[in-house]
Amino acid sequence: MDILVNNSGVYEFASIDEITEEHFYRLFNINVLGTLLTTQAAAKHLGDGGSVINISSAVSRITPPNSAVYTGTKGAVDAITGSLARELGPRKIRVNAINPGLIETEGTKTANVVGSEMEQFIISQTPLGRSDQVQDIAPLAVFLASDDARWLTGETLIASDGLR
Numbered sequence: 001m002d003i004l005v006n007n008s009g010v011y012e013f014a015s016i017d018e019i020t021e022e023h024f025y026r027l028f029n030i031n032v033l034g035t036l037l038t039t040q041a042a043a044k045h046l047g048d049g050g051s052v053i054n055i056s057s058a059v060s061r062i063t064p065p066n067s068a069v070y071t072g073t074k075g076a077v078d079a080i081t082g083s084l085a086r087e088l089g090p091r092k093i094r095v096n097a098i099n100p101g102l103i104e105t106e107g108t109k110t111a112n113v114v115g116s117e118m119e120q121f122i123i124s125q126t127p128l129g130r131s132d133q134v135q136d137i138a139p140l141a142v143f144l145a146s147d148d149a150r151w152l153t154g155e156t157l158i159a160s161d162g163l164r
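Residue numbers for the sequence shown follow our numbering, so the first one is 1 and each next one is one higher.
The set of hints was computed from the structure by calculation and includes no laboratory data. Mixed in with the good hints there might be a few duds.
For each label pair, taking beta carbons as the anchor points, the in silico distance ranges come out as [stated by the list, open to error]: (1) A14 <-> S146: 36 to 44 Å; (2) V142 <-> K92: 17 to 25 Å; (3) A41 <-> R86: 14 to 22 Å; (4) S146 <-> Y25: 32 to 40 Å; (5) H45 <-> G129: 36 to 44 Å.
Values in this document were obtained by computation on a predicted structure and should not be read as measured data. All C-beta atoms, glycine included, are put in the ideal place defined by N, C-alpha and C.
Let the hints inform the model, and build the full structure from the sequences given.
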């Protein structure tokens, strides 16, 4: 095994009045613990010089309202990325993250983000006036997994159409 892409997660948004322990633990268990345990299992099989790529989110930096728990999970993924880069570095295993902006996926459709006021607000805040597409992000993962990125580890690439 040479490459692991941690690309799972759930989107659930709630105001401070709506957050429950169930909501908190569901998001942290899937978005954070899932990433950590998958990497732990894969690290046993990754060859020296392998690559771990965590798909995080630009919300870890832009912190929109009603996203405290989701934003927290993605901030944790960013922190885990840096920590694991140092831990796996002696084996020449690189660990990086990609922080895309809003992407139209099954997850964002299921969470009713696509077509929502939130989507329109996010798009209005991007200099390019658009949302990310899966085909925009995939080449970054390919790059990070390649030898061209052999010198990058512990990095978080923000790929959010300029959303800040």
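Checked hints:
For the pair A14 and S146, the supplied restraint of 36 to 44 Å holds, since their beta-carbon distance comes to about 39 Å. The beta-carbon spacing between V142 and K92, approximately 19 Å, falls within the hinted interval of 17 to 25 Å. In this structure, A41 and R86 meet the distance hint of 14 to 22 Å, their C-beta atoms being roughly 19 Å apart. One distance hint, 32 to 40 Å for the beta-carbon pair S146 and Y25, holds here, with the actual separation near 36 Å.
About 43 Å separates the C-beta atoms of H45 and G129, a value consistent with the hinted range of 36 to 44 Å.
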